[in-house]
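As a plain string of letters, each chain reads:
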Amino acid sequence: MTQARVRLADREGFLAWIFLTPTVVYVVALVAIPFGLAIAFAFSDVTAGDPSYDWVGLRNFERVFDDPVFWRSLWNTLIFTGISMFFIVVFGKVLANILVADFRGKWVVRFLVLLSWTTPVALSSVSWLWLLHSIYSPVDWVFRELGFIETNTYWLGRPNLAMASVIAVHVWRLVPLAAVIMMVGLLSIPTDLNEAAKIDGAGYWRRMFEITIPLTFPLIAVSALFGAIFTFTDMAVVYILTRGGPTNSTQVLASWSFLRGIGGGDIGQGAVIALFLFPLLLAAAVLILRAVRRVETI
Amino acid sequence: MPVAVELRNLRKRYDGGHVDAVDGVDLATEEGEYLVLLGPSGCGKTTLLRTVAGLEHPTAGEVVIDGAVVNGLPPRVRKVAMVFQSYALYPHKSVLANIVFPLKAEKLDRAEREKKARWAADLLGIEELLDRKPRQLSGGERQRVALARAMVRDPQVFLLDEPLSNLDAKLRAIARDELKRFQERVGTTTIYVTHDQAEAMGLGDRIAVMDRGQVRQLGPPVDVYDDPADTFVARFIGSPPMNLVKRGGTLVGFRPEHLMPAEHVQGEKVPLQFEVDRVEYLSGDRHVYGTVTGLGEDTRVIARLPSMMVGEVTEGSHEFAVSADRVRFFDEDSGLRTDPVRLGATGG
Amino acid sequence: MSAVVDPGSAERLRRHYNRQHVLGRIGLYTLAVLAAIICAGPFLWSMVTATKLNADLYNPDNNPFAYNQPPTFDHVRYLFTETSFPTFAWNTLWVGLLVVVITLVLGLPAAYSITRLDLRWSGAMGIAIFFVYLIPPSLLFLSLSRLVVWVGLQDSTWSLVLIYPTITVPVSTWLLIGFLKALPKDVEEQAMIDGYSRAGAFLRIVVPLLFPGIVAVVVFAFTLTASEFIYALSFVSPTQEKVVSTGVPTELIRGDVFHWQSLQAANIIIAVPIAFVFNLFLARFISGFTMGAVKG
Chain F
1 MTQARVRLAD REGFLAWIFL TPTVVYVVAL VAIPFGLAIA FAFSDVTAGD PSYDWVGLRN
61 FERVFDDPVF WRSLWNTLIF TGISMFFIVV FGKVLANILV ADFRGKWVVR FLVLLSWTTP
121 VALSSVSWLW LLHSIYSPVD WVFRELGFIE TNTYWLGRPN LAMASVIAVH VWRLVPLAAV
181 IMMVGLLSIP TDLNEAAKID GAGYWRRMFE ITIPLTFPLI AVSALFGAIF TFTDMAVVYI
241 LTRGGPTNST QVLASWSFLR GIGGGDIGQG AVIALFLFPL LLAAAVLILR AVRRVETI
Chain B
299 MPVAVELRNL RKRYDGGHVD AVDGVDLATE EGEYLVLLGP SGCGKTTLLR TVAGLEHPTA
359 GEVVIDGAVV NGLPPRVRKV AMVFQSYALY PHKSVLANIV FPLKAEKLDR AEREKKARWA
419 ADLLGIEELL DRKPRQLSGG ERQRVALARA MVRDPQVFLL DEPLSNLDAK LRAIARDELK
479 RFQERVGTTT IYVTHDQAEA MGLGDRIAVM DRGQVRQLGP PVDVYDDPAD TFVARFIGSP
539 PMNLVKRGGT LVGFRPEHLM PAEHVQGEKV PLQFEVDRVE YLSGDRHVYG TVTGLGEDTR
599 VIARLPSMMV GEVTEGSHEF AVSADRVRFF DEDSGLRTDP VRLGATGG
Chain X
647 MSAVVDPGSA ERLRRHYNRQ HVLGRIGLYT LAVLAAIICA GPFLWSMVTA TKLNADLYNP
707 DNNPFAYNQP PTFDHVRYLF TETSFPTFAW NTLWVGLLVV VITLVLGLPA AYSITRLDLR
767 WSGAMGIAIF FVYLIPPSLL FLSLSRLVVW VGLQDSTWSL VLIYPTITVP VSTWLLIGFL
827 KALPKDVEEQ AMIDGYSRAG AFLRIVVPLL FPGIVAVVVF AFTLTASEFI YALSFVSPTQ
887 EKVVSTGVPT ELIRGDVFHW QSLQAANIII AVPIAFVFNL FLARFISGFT MGAVKG
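Protein chains in written order, with my numbering: chain F, 1 to 298; chain B, 299 to 646; chain X, 647 to 942.
Rather than coming from a laboratory, the hints here were simulated on the basis of the structure.
Heads up, the beta-carbon is just placed ideally off N, CA and C, and yes, glycines get one too.
Do not take every clue at face value.
Covered, in the sense of this in silico footprint (three residues per stretch, anywhere, with C-beta under 8 Å from a C-beta of chain F), are these stretches of chain X [stated by the list, open to error]:
#1 666-676
#2 679-688
#3 713-726
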């Protein structure tokens with residue numbers, strides 16, 4: 001008997017290794033090492049034309065910091081993410097409640113609502129390019145027909161409007177994802193709790209704010225985190241809608257890094273710009289996770 | 299002032315259901331009584347309870363609380379309190395916050411709310427637990443918190459949905475005792491749902507035995523036990539259940555504790571041959587299994603004999619008897635009680 | 647304490663709550679319709695636009711939501727015959743499927759190892775996986791584009807098959823860990839008593855039981871892969887090697903010429919099937935949850 005048990009335990013140790021190692025190796029090779037490489041590039045003079053590696057110390061950092069576009073991008077990135085996250089969480093919560101509700105035609109509604117998240121971001125952004133077109137925008141057409149405006153709004157041509165447009169597209173895209181995540185939270189609240197609250201005299205809003213939201217808070221935080229990550233690190237929407245313009249008013253770190261690194265061929269500078277994504281993301285993640293831990297119950 | 303709850307011709311069918319979960323129930327509680335709804339799962343007892351609470355809407359019929367028809371009114375207006383099987387304590391709130399919660403719907407200020415909550419906690423003996431969270435409490439403590447929360451709004455009716463099922467056996471007996479004494483002290487009309495007949499017998503002032511959406515019998519434990527209205531009630535109540543022997547279109551019934559060696563039966567008695575094949579030794583009794591002949595069809599029955607008597611009972615055939623006034627008769631087809639049938643009783 | 651309600655006010659209250667209930671339902675339907683219009687509106691509009699004549703489309707005064715001139719399938723035909731769209735779609739499909747398979751092959755055992763096989767550093771692993779997710783493609787694309795050249799996969803769709811799992815594996819493993827934690831150990835332990843090895847129990851018992859989680863991962867991973875933009879843009883330039891995500895914006899926009907109708911058609915053709923599958927999965931997911939979570 002003891003012989004057999006030793007064998008089984010051995011196999012478990014071996015299994016644990018063989019199950020986990022491929023993933024670890026893969027991730028180390030294709031994430032950790034490139035991460036280190038990116039840091040190394042930041043201190044080098046590597047360009048697309050001259051890929052030889054030469055150490056240049058902090059020269060790239062100086063060049064990047066001297067460029068006002070960088071600071072603009074950093075600021076824009078923070079604004080985008082903050083505002084988007086707020087709307088994503090609020091609308092996502094409302095949508096989550098709609099997704100779990102019971103009504104006629106709910107499957108059709110669920111399908112329609114998912115479209116904005118499931119479609120490839122590049123394709124839907126191209127769609128929005130026309131929807132917000134300076135001449136042909138259907139949005140403008142509707143407003144003109146309703147008499148709200150006389151001439152077209154240059155959605156993507158004016159700095160503040162362009163910002164708002166990019167934020168709107170991000171929110172439009174990510175609300176369904178946030179809703180699905182929060183929906184999981186809603187579904188895992190035991191039905192007795194809601195019923196007990198009803199009997200105890202709580203109306204709809206009190207139940208929502210005192211029972212439902214506190215209990216789904218961890219998943220609300222998770223959806224906020226995903227929203228932040230997807231907005232913060234995304235360059236597709238900006239790249240396709242505005243290329244960062246007009247005059248860099250919608251430039252974000254991710255798109256600027258791409259334009260500098262691949263478009264301009266200056267890998268070193270591109271790497272510096274991109275590196276700033278990491279600490280900010282880390283800070284956001286830590287903050288959100290800490291908030292979750294504090295509220296964590298059963 | 300305790301109130302009465304009345305159900306008039308209540309019917310409930312769920313959307314897409316093929317049968318009525320509740321099939322024409324007429325029931326009225328006395329003021330301040332402890333009424334138990336007893337029955338197997340699916341009999342409709344929980345549906346009935348939830349209909350009184352306002353969590354389900356009846357398909358037909360009326361729910362009346364304290365003389366007012368409350369159909370269509372949401373739970374919070376009905377001034378009822380409910381204790382769920384899981385206790386449904388709000389896991390993210392402290393015990394005190396749990397108890398205070400129902401009071402927020404009333405127009406009381408914070409200090410008054412807390413005073414009432416502490417009064418309820420005191421009543422249940424849980425004052426030291428007020429700062430804890432539900433997950434830090436034992437099963438018995440959670441029940442008391444649930445009761446305190448139920449108490450705090452001075453409800454007209456207590457509704458309890460199998461609150462003892464989640465407790466282990468030893469705790470269940472203690473909790474049962476506490477529950478009964480608690481209810482006697484506060485005097486609120488209580489409707490209690492359970493599938494455990496021993497629990498029902500121990501707790502109820504009256505028991506409504508339910509099966510498949512209908513109330514088969516309503517009465518105090520003594521009546522339900524001694525004078526079951528049909529074979530369902532006869533077999534559901536009592537452990538071991540009543541023995542039933544077929545005899546030409548009638549079922550003859552007698553409880554295991556009334557089947558004993560003939561010489562121990564006083565007065566008019568019904569004799570029968572008892573072929574014993576197995577004896578179970580339980581704490582105070584012996585359960586004797588065997589076949590009864592001479593009464594009707596040969597039937598396997600159980601006799602429950604006090605341990606003092608068993609020395610005399612071994613495997614083999616014995617002359618047993620049942621006291622004539624303990625025998626009950628049921629129609630074989632309908633299961634309902636019928637008039638007594640001549641059995642050729644002797645003695646008396 | 648006074649009675650519950652007196653019969654007179656009961657009737658009034660009843661009407662009040664009935665009204666509230668009706669208003670609530672109206673509110674719900676309104677919100678649902680609004681949400682559907684906002685999220686899906688652009689797609690419904692895309693469907694119309696995809697089949698419009700140039701003369702109809704390039705007229706700012708025309709109603710963009712209706713046909714002012716008869717519809718035409720010319721642009722849709724153009725998409726399929728004159729552009730490499732079919733190639734793009736095909737590339738996206740096989741890349742997506744391969745990446746999903748790789749994700750499962752890597753992620754399932756990893757998740758199992760972390761939750762069931764207690765290694766000393768299992769907990770740390772879980773957190774590490776999460777933090778990997780914080781190193782985004784927009785940071786790694788530069789190094790990875792060098793790496794892709796180095797392994798000789800420059801300008802090949804296969805570079806995507808190699809790299810995309812870095813995006814899908816961390817989040818999929820994290821999802822699977824969640825699903826595994828909710829699965830009770832009894833069934834596996836029963837299997838091991840019945841004669842299976844740990845690995846056997848994993849393959850024969852756990853994996854089938856994890857089916858909902860696996861479906862979630864498949865759908866999520868495929869969606870992420872099809873939507874990915876920055877790597878595809880950085881690694882792959884030849885037209886025949888592109889995927890839909892990069893192919894459509896670059897090939898259908900030549901300089902200043904936008905083939906708008908074809909672009910919209912491409913949008914619809916890709917978006918609808920994915921959303922459809924996602925919706926099916928969501929349906930099963932919800933029903934799975936509601937059936938299990940009746941009592942706390």
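How the hints compare with the structure:
no., hint, result
1, 666-676, "holds (count 4)"
2, 679-688, "holds (count 7)"
3, 713-726, "violated (count 0)"
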